[in-house]
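Since chain P is already given, all that's left is putting chain B on it; use the hints.
So the chains spell out like this:
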Amino acid sequence: MALPERQTDIGPPDYRQFLPPVIEKNYGKWTHHEILTPGTMVHYAESGDKLFTVRIASPRLLATDSIREFCNLAEEYCDGYLRFTTRNNVEFLVSDESKVDPLVAKLKADGHMVGGIGPRISNIIHTQGWVHCHSACTDASGLVKAIMDELHEYFTTKALPNKVRLAVACCVNMCGAVHVSDIAVVAVHRKVPVIDSENVRKACEIPTTIASCPTSAIRPNPKEKSVTINEEKCMYCGNCFTVCPPIDIHNPEQDGVAIVVGGKIGSLRTDPKFSKLAIPFFYNEPPRWPKVVDAIKNILETYKKGAKRHERVGEWIERIGWEEFFKQTGIDFTFQHIDDFTFMRDTLRTSAAFKY
Amino acid sequence: MEKSFQTKRGYWKHGGIVGVLGYGSGVIGRYSSLPEEFPGVAHFHTYRINQPSGFFYTSKALKEICDIWDKYGSGLTNMHGSTGDLVLLGTTTENLETLFAEYSSRGWDLGGSGSAMRTPSCCVGQARCEWAMIDTMDICNTVTQHFQDELHRPAYPYKIKNKISGCACDCVAAIARADVSVIGTWKGDIQIDQAEVKKYADSKMDIQSDVIDWCPTDCMSFDGSSITIDNSQCNRCMHCITRMTKALKPGKERGASILVGSKAPIVVGSLLSWVIVPFMKMESPFEEYIELLENMIEWWDDNAKPRERIGELIEVKGMRPFLEAIGVDPQPQQVYEPRKDPFFFWSESDFK
Chain P
276 MALPERQTDI
286 GPPDYRQFLP
296 PVIEKNYGKW
306 THHEILTPGT
316 MVHYAESGDK
326 LFTVRIASPR
336 LLATDSIREF
346 CNLAEEYCDG
356 YLRFTTRNNV
366 EFLVSDESKV
376 DPLVAKLKAD
386 GHMVGGIGPR
396 ISNIIHTQGW
406 VHCHSACTDA
416 SGLVKAIMDE
426 LHEYFTTKAL
436 PNKVRLAVAC
446 CVNMCGAVHV
456 SDIAVVAVHR
466 KVPVIDSENV
476 RKACEIPTTI
486 ASCPTSAIRP
496 NPKEKSVTIN
506 EEKCMYCGNC
516 FTVCPPIDIH
526 NPEQDGVAIV
536 VGGKIGSLRT
546 DPKFSKLAIP
556 FFYNEPPRWP
566 KVVDAIKNIL
576 ETYKKGAKRH
586 ERVGEWIERI
596 GWEEFFKQTG
606 IDFTFQHIDD
616 FTFMRDTLRT
626 SAAFKY
Chain B
6 MEKSFQTKRG
16 YWKHGGIVGV
26 LGYGSGVIGR
36 YSSLPEEFPG
46 VAHFHTYRIN
56 QPSGFFYTSK
66 ALKEICDIWD
76 KYGSGLTNMH
86 GSTGDLVLLG
96 TTTENLETLF
106 AEYSSRGWDL
116 GGSGSAMRTP
126 SCCVGQARCE
136 WAMIDTMDIC
146 NTVTQHFQDE
156 LHRPAYPYKI
166 KNKISGCACD
176 CVAAIARADV
186 SVIGTWKGDI
196 QIDQAEVKKY
206 ADSKMDIQSD
216 VIDWCPTDCM
226 SFDGSSITID
236 NSQCNRCMHC
246 ITRMTKALKP
256 GKERGASILV
266 GSKAPIVVGS
276 LLSWVIVPFM
286 KMESPFEEYI
296 ELLENMIEWW
306 DDNAKPRERI
316 GELIEVKGMR
326 PFLEAIGVDP
336 QPQQVYEPRK
346 DPFFFWSESD
356 FK
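Those protein sequence lines, which keep their order, are chains P and B. Going by the working numbering, the first sequence opens with residue 276, and the numbers climb by one from there. Going by the working numbering, the second sequence opens with residue 6, and the numbers climb by one from there.
Isolated chain P, as found in the complex:
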């Protein structure tokens, strides 16, 4: 069978063709919205029109069968109109109010998590992990499943002081915005990479490899036409592996994950913030990573108990102080917590006013 004629540089399809009529009509003319339940909200337009949104979590990694299932539901309840959110939720865009409750009931009956709107945990932004990435040093989908199985009530029903954005990154490349999440997991290496000089010689550009190191730990090794690594300087970021794969950073027994907390994107109340290190390391324990899950639950529940209404995790910690955060959560403070990279000057305390 002949193939259809290819087209180049046409860009994405114009979004206007995918908007439900109620959005086309009221585009830019919404006046306010109300959160009806943790998984439903209604937007009101100047015209008096209403648009109902029903949100469910998705695992992001979707088979075409799952997408078809969403499509069939959209056809049955909202004329085929649906969208995905920036946090990989599925949203059904319902114009007919009478269809909202039946859709929610159907979604719940089918085992979907309806929720994620308002002061709750978000769907977990995450990366590819062992499913499809060459540089993963933990699995992303497996961790997300284990964490969500424990915390799902904070998505579907239970309220928190404010929203809590969760993320998992399967290496420090951080395809998943871990560096500005309320609570996040990032996989880390802890051992100096092993250099396979024979293949470095064949596959790598030596100057590029040397330049890739943020701590200038890589030196040329002219004898081998390869490189050497100064073990005292290496911070195991793996950037050399990215430009030169024969420098193997993977170490399945010593790779694992760190937990970072307190990041924030919006400017509401306080400025956006980076996430900071809470726990430097857990071993990878597939399939359920129980210690990681327990640690996240502990941080989340300590926040829930201690934070004021509207405070994000980072705002709560800044109010009480990090020394108090470590005390309340019972997390050990280690050498790894003290910055000796780019943010050292900003993070060492220069005041005698602190708590015990």
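Keep in mind the hints are simulated off the structure, nothing from the lab.
Below 20 Å or equal to it, Euclidean Cα-Cα: the simulated DMTMM-like pairs (lysine to aspartate or glutamate) are:
no., chain 1, residue 1, chain 2, residue 2
1, P, K300, P, E372
2, B, K8, P, E528
3, P, K438, P, D424
4, P, K304, B, E288
Structure of chain B alone, referenced to chain P:
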């Protein structure tokens, strides 16, 4: 996967150059390091489809995408990748041209990858949000169409990302995940509907403790029935507006702040974007913004080392050469505070 779960490591090889004719972007080669043990996934390339603005779809369009993917690929997807693309995981080299013909003929082009302009992405914007100060979906679509060549044919020192959020809530995380971050904002007074304020007060809301006490600039007060705002002191953080959406609305002069530099930790630490242009009108066809974007990219492309992001380059070169190159004046909105030490550069132009 089962093997990975037992041995605690992945079995995918690093990259590999594959693609479709005439493009350098959009397809990422992925090969198994154990092709004999797992022949079914020996070639398992990624095919990135440029998503429509705001991730809106009809079921008909999505089903068509699924049918083609089942025929020529694994059936596995990411809805969506972190940059924003609709990501299809797992096909072979020989199916790539077929996939491209099937998809592009139906209006679905490839997204960016490698050292190219990456697929721009935006929040839901004015399609369904009363706080969207700018038409994020139109900006995203217009920019994407304008930079098709730069998206599809990697010619830059490294990746460059562009994200557009309609307000300071920043639902697309522009300030953290885009080299060039556009965040909607306003000028002028917050519009207050005192009748609606009264309704909130009569409902269960404690306006003093839920709204007024959280104002970061202490510019609001509430006397039990109405709200007063000293707009000259408001920093437009959005807390009050998001808590009292019926009563408080942003000022009438709408536009965006343009910030530059954010990225994840690789190579020299994470960055959040820095304010470069405090306020810019954003009206279709967005020529002023696109020109600024082109000027920024040109300076970066001329000066950066391989794999250096624009934020890292500004750190190396200093803010002045960057601002001069793009024709933006120094303004106090760009910094938290002026420098502390008495070391600073002077240029010949300062002596005139």
